[in-house]
Amino acid sequence: MSVRTSGQIEKGSRQFEYLVRLGDDRLVLGHRLSEWCGHAPILEEDIALANIALDLIGQATLLLGHAGKLEGEGRDADTLAYLRDAIEFRNVLLVELPKGDFAVTIVRQLFFGVFGLLQSEALQRSNDRDLAGIAAKAAKEVRYHVRHSADWVLKLGGGTDESRERTQRAVDDLWRYTGELFLADDVDRAAAAAGVGVDPSTLETTWHSHVEDVLARAGLTIPETLYMQRGGREGRHTEHLGHMLAEMQIVARSHPGASW
Amino acid sequence: MSTSDRAARTSGAESDGAPRDNQWPLWEVFVQPPGGEPHEHAGSVHAVDAESALQNARDVYARRGEAVSIWVVQSAGITASTPDDMGPFFDPGNDKPYRHPQFYKVPRGVKV
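Protein sequence lines, in the order shown, are assigned to chains S and A.
FYI, in the numbering used here the residues of the first sequence are 1 to 260.
FYI, in the numbering used here the residues of the second sequence are 261 to 372.
These are computed hints drawn from the structure, not numbers from a lab.
The C-beta atom is built at its ideal place from N, Cα and C for all residues, glycine as well.
Hints are supplied without guarantee of correctness; some may be wrong.
To spell it out: a stretch of chain S is covered by chain A in this simulated footprint if at least three of its residues, at any positions, have a beta carbon under 8 angstroms from a beta carbon of chain A; those stretches are [claimed, not checked]:
1) 44-52
2) 199-212
Derived Cβ-Cβ restraints for the label pairs, each shown as a range [stated by the list, open to error]:
3) A:Arg323 / S:Gly159: 40 to 50 angstroms
4) S:Leu54 / A:Gly303: 17 to 27 angstroms
5) S:Arg217 / A:Gly337: 26 to 36 angstroms
6) A:Ile338 / S:Ala132: 55 to 65 angstroms
7) S:Gly219 / A:His299: 30 to 40 angstroms
8) S:Glu247 / A:Val308: 32 to 42 angstroms
9) A:Gly337 / S:Glu247: 42 to 52 angstroms
10) S:Ala252 / A:Ser341: 47 to 57 angstroms
11) A:Glu300 / S:Leu54: 32 to 42 angstroms
12) S:His39 / A:Asp355: 33 to 43 angstroms
13) A:Arg323 / S:Ser259: 19 to 29 angstroms
14) S:His39 / A:Glu300: 46 to 56 angstroms
15) S:Trp260 / A:Asp345: 44 to 54 angstroms
16) S:Arg125 / A:Ser329: 29 to 39 angstroms
Examples of chain A residues lying across from chain S (beta carbon under 7 angstroms, computed) [said to hold, decoys possible]:
17) His301
18) Ser304
19) Glu311
20) Leu314
21) Asp319
22) Val320
23) Arg323
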């Protein structure tokens, strides 16, 4: 094994960090969405949400597995998913918030779905060929996720007084978590400069035009909030992530090394 | 029995097309398997409109790569035969083997 210079280690760990961000967003959102299994308003929607959750968890498995290989310290996707604490997770705050009512879930799926779609489409051109392959598979899946959530937002916004109020409230509550999606730091910029990743700030304008178009057609308004929450990318999470991980990780942590 | 009565009875909907219970309207789902076979009836889903019916059908009947195309049609739009129709509709065919091509011998000199 060749000795790596500190520059290579630095570069490698930045790419690991970049991949973990991609993986954690999808892992945490996928788990949140899986909480609807058996509880969705109708059977067909129960299956739809579970399908989307599985797509996201599948994407996370590939991304975290790829990150673990790149790190070269023997951590696989399961180790990264089940044996890290909240402070080591790098997902945005938006995806860790409780699932809320159906409106909150659907609005969040629209917000993250459009982001995930733009990100996946850009990452298909990554010069990390594994990442490009994962992104190409994900883009197909997420295109459907966006169609599903956008359709629901239109229905809920144009539905009854109650559905419109709840959906507007969800938009109001979640909007302040959307700014974090587009924050770029050294990790993002290094990944973009190396041709591996995409600088999330470059996706913001397209995301806004797409999301605002759906909200406008649904008769929903965007709150006039200037303050945006942040912290997830640095491991500063809401209290909700710890509770979620306790449930998500308990089996793996209670039976270390078990396979099933 | 009138046509509209039949449609209502087979789809579980009132004759005005409104659902009898508080469920969303029912849609019949037809999927075309990869390989070009004709669409086949796969089952049914509840949905408020055609786009949702397509999405629900995709999630319930085509998530494992079973289909290259999906049709949905409101169940109320289907007129079905009833058990009472069985005799007059289908029995007369049973004793008419000459309606099958196999009934006829291939003439000599014709290559098959």
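Against the structure, the hints come out as follows:
1. Counting residues of the stretch 44-52 of chain S whose C-beta lies closer than 8 angstroms to any C-beta of chain A gives 5; at least three are required, and the coverage claim holds.
2. Residues of the stretch 199-212 of chain S lying with their CB closer than 8 angstroms to a CB of chain A number 0, which falls below the three-residue condition for coverage.
3. In this structure the hint that Arg323 of chain A and Gly159 of chain S lie 40 to 50 angstroms apart at CB is violated, the actual value being about 26 angstroms.
4. The hint said 17 to 27 angstroms for the Cβ distance between Leu54 of chain S and Gly303 of chain A, and at roughly 21 angstroms that hint holds.
5. As the Cβ distance of Arg217 of chain S to Gly337 of chain A is approximately 28 angstroms, the hint placing it in 26 to 36 angstroms holds.
6. Taking 55 to 65 angstroms as the suggested C-beta distance range, the pair Ile338 of chain A and Ala132 of chain S does not conform, at roughly 46 angstroms.
7. Gly219 of chain S and His299 of chain A have their C-beta atoms about 37 angstroms apart, which keeps the hinted 30 to 40 angstroms range intact.
8. For Glu247 of chain S paired with Val308 of chain A, a C-beta distance near 33 angstroms keeps the hint of 32 to 42 angstroms intact.
9. Checked against the hint of 42 to 52 angstroms, the pair Gly337 of chain A and Glu247 of chain S passes, with Cβ atoms roughly 45 angstroms apart.
10. Separation of Ala252 of chain S from Ser341 of chain A is about 55 angstroms and conforms to the stated range, judged on CB atoms against 47 to 57 angstroms.
11. Roughly 26 angstroms separates the CB atoms of Glu300 of chain A and Leu54 of chain S, a value that falls outside the hinted 32 to 42 angstroms.
12. Remark: the range hint 33 to 43 angstroms for His39 of chain S to Asp355 of chain A is contradicted by a beta-carbon distance near 56 angstroms.
13. For Arg323 of chain A and Ser259 of chain S, the hinted distance range of 19 to 29 angstroms is satisfied, since their beta carbons lie about 26 angstroms from each other.
14. Remark: the range hint 46 to 56 angstroms for His39 of chain S to Glu300 of chain A is contradicted by a beta-carbon distance near 32 angstroms.
15. Between Trp260 of chain S and Asp345 of chain A the CB atoms are about 53 angstroms apart, so this pair conforms to the stated range of 44 to 54 angstroms.
16. Checked against the hint of 29 to 39 angstroms, the pair Arg125 of chain S and Ser329 of chain A passes, with Cβ atoms roughly 30 angstroms apart.
17. The beta carbon of His301 of chain A comes no nearer than 17 angstroms to any beta carbon in chain S, farther than 7 angstroms, and the hint placing it at the interface is violated.
18. Because the smallest distance between the Cβ of Ser304 of chain A and any Cβ of chain S comes to about 10 angstroms, over 7 angstroms, the interface hint for this residue is violated.
19. Taking 7 angstroms as the C-beta contact cut-off toward chain S, the hint placing Glu311 of chain A at the interface holds, the least distance being around 6 angstroms.
20. Checking Leu314 of chain A against chain S: minimum C-beta separation of about 10 angstroms lies over 7 angstroms; hint violated.
21. For Asp319 of chain A, the shortest C-beta to C-beta distance to chain S is roughly 4 angstroms, which falls under 7 angstroms, so the interface hint holds.
22. For Val320 of chain A, the interface hint holds, since its Cβ comes within 7 angstroms of a Cβ in chain S; the closest pair sits about 6 angstroms apart.
23. The restraint placing Arg323 of chain A at the interface with chain S holds, with a minimum CB-CB distance near 6 angstroms, inside the 7 angstroms limit.
In this structure, the hints that do not hold are numbers 2, 3, 6, 11, 12, 14, 17, 18, 20, in rising order.
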